[in-house]
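A.B. asks: These protein sequence lines are chains A and B, in that order. To get the numbering used here, take the position in the first sequence, counting from 1, and add 393. To get the numbering used here, take the position in the second sequence, counting from 1, and add 204.
Heads up, some of the hints might be wrong.
[To be verified] In silico contact screen, one side only, chain B against chain A (beta carbon under 7 angstroms); selected entries:
| # | residue |
| --- | --- |
| 1 | Leu267 |
| 2 | Ala270 |
| 3 | Ser273 |
| 4 | Ala335 |
| 5 | Ser338 |
| 6 | Gly340 |
| 7 | Gln345 |
| 8 | Thr346 |
| 9 | Met347 |
| 10 | Ile350 |
| 11 | Pro353 |
None of these hints come from the bench; they were simulated from the model. Since the model is a prediction, treat every value here as computed from it, not as a measurement. Just so it is clear, CB atoms sit at the ideal spot from N, CA and C, and this is done for glycine as well.
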Amino acid sequence: MIVFENVDKWYGTYHALNNVNETIGKGEVVVICGPSGSGKSTLIRTVNRLEPIQKGRITIDGRDVNGADVNVNALRSGIGFVFQQFNLFPHLSVVRNVMLAPMRVHKVPEKTARETAMDLLDKVGLAHKADEFPPRLSGGQQQRVAIARALAMKPPVMLFDEPTSALDPELVGEVLNVMKQLASEGMTMLCVTHEMGFAREVADRVIFMDGGAVLERAAPEDFFQRPQHPRARKFVADIRH
Amino acid sequence: MQDIIAILRDYGLLLAIGQFPEGPIGGLALTLILALSGLLLSFPLSVLIGVGRISPNPAVARLAAAFVSVVRALPLLMLIFWAYFIVPLIIGQTVSGLTTVIVALVVYETAYLAEVVRAAILALPKGQVEASRSLGLSYVQTMKDIILPQALFNAIPSILNQFISLVKNTSVAYIISVDELTYAAYQVNAQLLTKPVEVYVILAATYFIICFSLNRLVKLVERRIHTSRQAPIAAEAAA
């Protein structure tokens, strides 16, 4: 479904992505991990064109993401993106955050948008917060709203960029539970995360990156028990402590 | 002091509203009208220029930047002269002093307010644009629904500050005989001849009272905005 072919990216002279070749199948849950600065966030940000690439090709269902004929807004509306910092719109109520994109991008009537939004908020356990404003919610709640907001566009694929890294430890579980539920419903998911438990429980595959390159790909159990590449071994040892 | 009271008694109304209702409105009332219309007319323009300054389109960004740098490099008085002599040439008919002043104030104010708008936009977290664009909203939709509502709200204190400086800047209208507060005081002084200190004390005090009160208002609004941004995470929310 998502295919990276010989993807290279530079920030000036800094080689951020180094010849990445990966295929993410439909319904697959793939966890990307690696030390900070390894290029994992950059990689998923290239999928919806938040970051341009200088070489190679990224396709979603065969369509070149960076193709000249691609309408970037239409492309992005079909890819859910969840940020480390949630990035909810603080001036809009929770339900408005979820309703906005369907109304603006898909021209869904307000009433329908509200119904869908309430269903999604119910799904992430926050229907009772619909009329609150985001700054009044805890981090875990904000991230769950952010997931509902992304789901409102009914994307076939969801990208998660360290969705639990900005959360207090006791709030991580509620977000992971929502993500696990999504995975069990067959959502195609690409997650940058260091949550070993999540990776083991729901990921089909772990991709390990360092220095902008994919150094290892393995089943979660193999990766965390028997990492092969020396840097992967060091990384797994480090996150255990 | 007695002189001041006497001047206020004899000329107070003239200083406050000019010859209104028999003649045209003037004095302090006109000063406030000039400042207010200057602000209201320049506001939408400054949003356009401010957004243009950070436009992804380099031609638009350069054009907006050029406007801002040119206007900010000229004294307001220059703009008044320009509007006074050049606007009639362009539109082919004479314009009233009042229109001239408003045009000059709007041009001048737009440049400064545009910078306020630009700064307010740049102060927002980058994630706001990224989140909006990632949902599929266009650049224009993102500006209209996400960025400007937040940026302009945050900019309210700065906008009010600009309004204060605008109130003071209306005094240059005196140079082309627009009958605002300063010009009215100048005329009163010309009639009295012997009381310049008293007349100009009244003038200074009036500007001071208006601007000082507006300043207090800014402080109040700042505090309100600050409290509204405090994120009180309710105990139950954290649970």
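A.B. asks: Are any of the numbered hints broken by this structure? If so, which, sorted upward?
C.D. replies: 1, 2, 3, 8 and 9
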